[in-house]
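Chain order of the listed sequences is A and B.
Numbered as in our numbering, the first sequence ends at 744 without a single skipped number.
Numbered as in our numbering, the second sequence ends at 721 without a single skipped number.
For the record, the hints were derived by calculation from the structure and aren't laboratory data.
Among these hints, one or two may not hold up.
[Said to hold, decoys possible] Non-contacting residues of chain A with respect to chain B, defined by C-beta distances greater than 12 angstroms in every case (computed):
| id | residue |
| --- | --- |
| 1 | A500 |
| 2 | S586 |
| 3 | N656 |
[Claimed, not checked] One side only, chain A facing chain B, incomplete, derived with CB under 7 angstroms:
| id | residue |
| --- | --- |
| 4 | L493 |
| 5 | Y504 |
| 6 | I508 |
Built from N, CA and C at the ideal position, the CB exists for glycine as well.
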Amino acid sequence: MSREEPVWITGVGLATPLGFDRPTLEANFLAGRSGVTAVTQFPTDDYSSRVAGQVIDIPCPPGRDPVEFASWPRIERLTAFCVESALRDSGWWGRHNDVRIGMVVGIGAEWMVRWEESKQAGGLRIYRPEEDRDSTLQRVRQHYGLTGPNLALSAACASSNYALEIGRRWLRMGLVDVCLAGGCDLGVTPVGLATLGNLRALSRRNNAPAAASRPFDKGRDGFVLGEGGVLFTLERASDARRRSAVAYAEVAGCGSSSDAHHLVIPSPDPTHASTAIRLALRDAEIDPSDVDHINAHATSTPIGDAAEAGVLRNVFGADSMVPVTSTKSMTGHLLTAAGAIEALACITAMRHDAIPPTINLEEPDIDLRIVANEAQPHRVRVAVSNSFGFGGSNTCLVLRAV
Amino acid sequence: MTESDAADSGYDPFDSPVSSVHWSSNRGECGPSSPISRLLAVPLSHDEVRFPLADPSSPRVALQQAEPQPTEALLVAEVRAFGLSAMRRHEIAEFRRRPAPIRAGGKAIPSNLLKASDEQTVVAVAAILAAGAKFDPDRFEEWGVVAAPRFVGRGHLAMALDRFAAEGVWGVSPNIIPHNALHCPAGTLSIALGLHGPNLGVGGGTDSVIQGVLTALSWLEEGRVPGVWLVITGHTPEFIPGLGDIPPTDSECQALALAIMPDRSEGARGVTLRLIRGDAEPSEAPLNLVATAARLEPGRPVKRPVEGLSIYRPHLKFRPADRHDAWTIATDSTSGLRVELAVDLASGTQEDDR
């Protein structure tokens, strides 16, 4: 097998604020619908930010006992639903025990979510380490009888791009035959919303939830917390061709770097984030001029969006005409799953020759060619998706149409 | 700098003698670079590796030494240096409060960087400083960081949940996500040491060691980075937060930092980290980081006690030069993977002090 063998995305499973299947999500993306609402999962009167992109009810996968499924921890239900959906969508369902299927998932708050969920239900799990034997991925692997390795990772909001990079590497190494890669995060919890609100990172536009996430807009005042999961089925191109699988895109390039500047604030120096993008382009063996579309990290914070604009100008040129969007305006910020849902937004653009819009963009204060408020018809063969995270992580993913 | 560039330029962060190599006894004595913790500052190179100590409580190691088993190594990398740090809560607090900046080579780590960090992050910084006694930040600039903590943030989240119950939203610390989540140790290390390669937190639970090794070796195999700092951390015994009148456990927070570079030679390799495919028994207990570090120490007399035990193994003196001392440090029985640390006895001097 060639070291450089292409790796394709042949399936996707998702549970997001904008839908639980790809066609629904694509339709909502292109229609510019917001999935941000007032938080309804718990009382929020005392919270500074009371809006979020939520996944209220995680569907029970077909054939599973709904009662048993409901007894699983919420993060386990989310991950299992995405795993099964991705296997079904790619055509591996029913044969998933015949091959080595690995999992690489951005799932940073796994244990915190489980401890908090236990505590809110009156449990004491956080005080009982002996109960913390099996991780979420171990349990999901057992549920489905998967035999490949698994990896839970976190570079905060940059996690999912790392997951796709490592999944691709595992396939090229021959460590797995199929790899499920992406992110799952359930950050909309009482303590999760409180700690990020107290960090003053969240939007306080509580009276207009759908308008709260407004990347690149002068009126932005913080990001909107989101939650959900997106997992892709990755395969070597030769294997996918052999079974005549439908391919959504090629994972063509990945790049990463660290600012080494601040745990929360992006570096004002665009050098290192630019390096991540350049590494991804080099990995994909393309030039900046080959890029048709950029899905920006742009979370709707005053500092972060401006810093990213500087990075994009640094790599693509001050007069770049590459259309840029931030779909966080519709989904909120899915944290460790953000990169995965934004990769799916890029695939949406490729499949429909139309770029999902940045909604709520009334008064841009960033000098980029932003797709504002309505989807823009545009042929997309190569898309770039940026994800930057706490801890100074910078990642970039290049997807190429197949 | 790419891997090939590094090889072309002779890049080797551990190519000069370490001036402050220090070994303290397993219990009590402290090293000069950290007066409050047990630190092991040991560079490893082909001609420095002499005699690894086996864990005397492990019959598996003895069996391997007597009859080495053929294995299929999927990935192999060299361990070029390692550092160990183990601290209890008061020591961690003291480390945080250092009035002067901590020096890492020419770089000063701001004393307030660790103020709100999780305990596992603090010992991770100490361990990596121990490993890089001659730390030169410029030479590590493009290295990656993989941090594999175990149940990071348990104590801080327990406090947050208590305060949330007692005081509501405003009692919750804003530091939980920036300082106590899975990504935090790696991010903090990256900032503390000025590393601009990728930084990533992996695992988080009982399987963090194998996931950390898998990630680090995958990066090296891809040629993404010239080297990786892999830092494994956890509490021993597992930390239990205080509850009501019951105080928190006074467990020891441990970190083992490994400086890993691509495997560059077919022959003698010194110390290697290997991902093996084959039978893998489930791991029953978290990896003992102190014992693992003790077995890596070069030139250590065989009769020297480990954790109060000692073993005399005269057969080692006559071992063929092509043998390895290898021991399993993590397994994933479902996928049939295990991770070994191996010391190529042919690469050392083979002389012990008996």
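Q | Beyond 12 angstroms from each Cβ of chain B, as asserted for A/S586 | A | holds (28 angstroms)
Q. Can we confirm that no CB of chain B comes within 12 angstroms of the CB of A/N656?
A. With a cut-off of 12 angstroms, A/N656 remains clear of chain B, as the shortest Cβ separation is near 16 angstroms.
Q) Any CB of chain B closer than 7 angstroms to the CB of A/L493? A) holds (5 angstroms)
Q: Grab the minimum C-beta distance from A/Y504 to chain B and call the hint holds if it beats 7 angstroms, violated otherwise.
A: holds (6 angstroms)
Q. Would the stated hint for A/I508 survive a check requiring a Cβ distance to chain B of less than 7 angstroms?
A. A/I508 check passes; min Cβ-Cβ to chain B is 6 angstroms, inside 7 angstroms.
Q) Taking 12 angstroms as the cut and beta carbons as the points, is A/A500 off the interface with chain B? A) Non-interface label fails for A/A500: nearest chain B Cβ at 8 angstroms, not farther than 12 angstroms.
Checked against the numbered hints given earlier, this structure breaks only hint 1.
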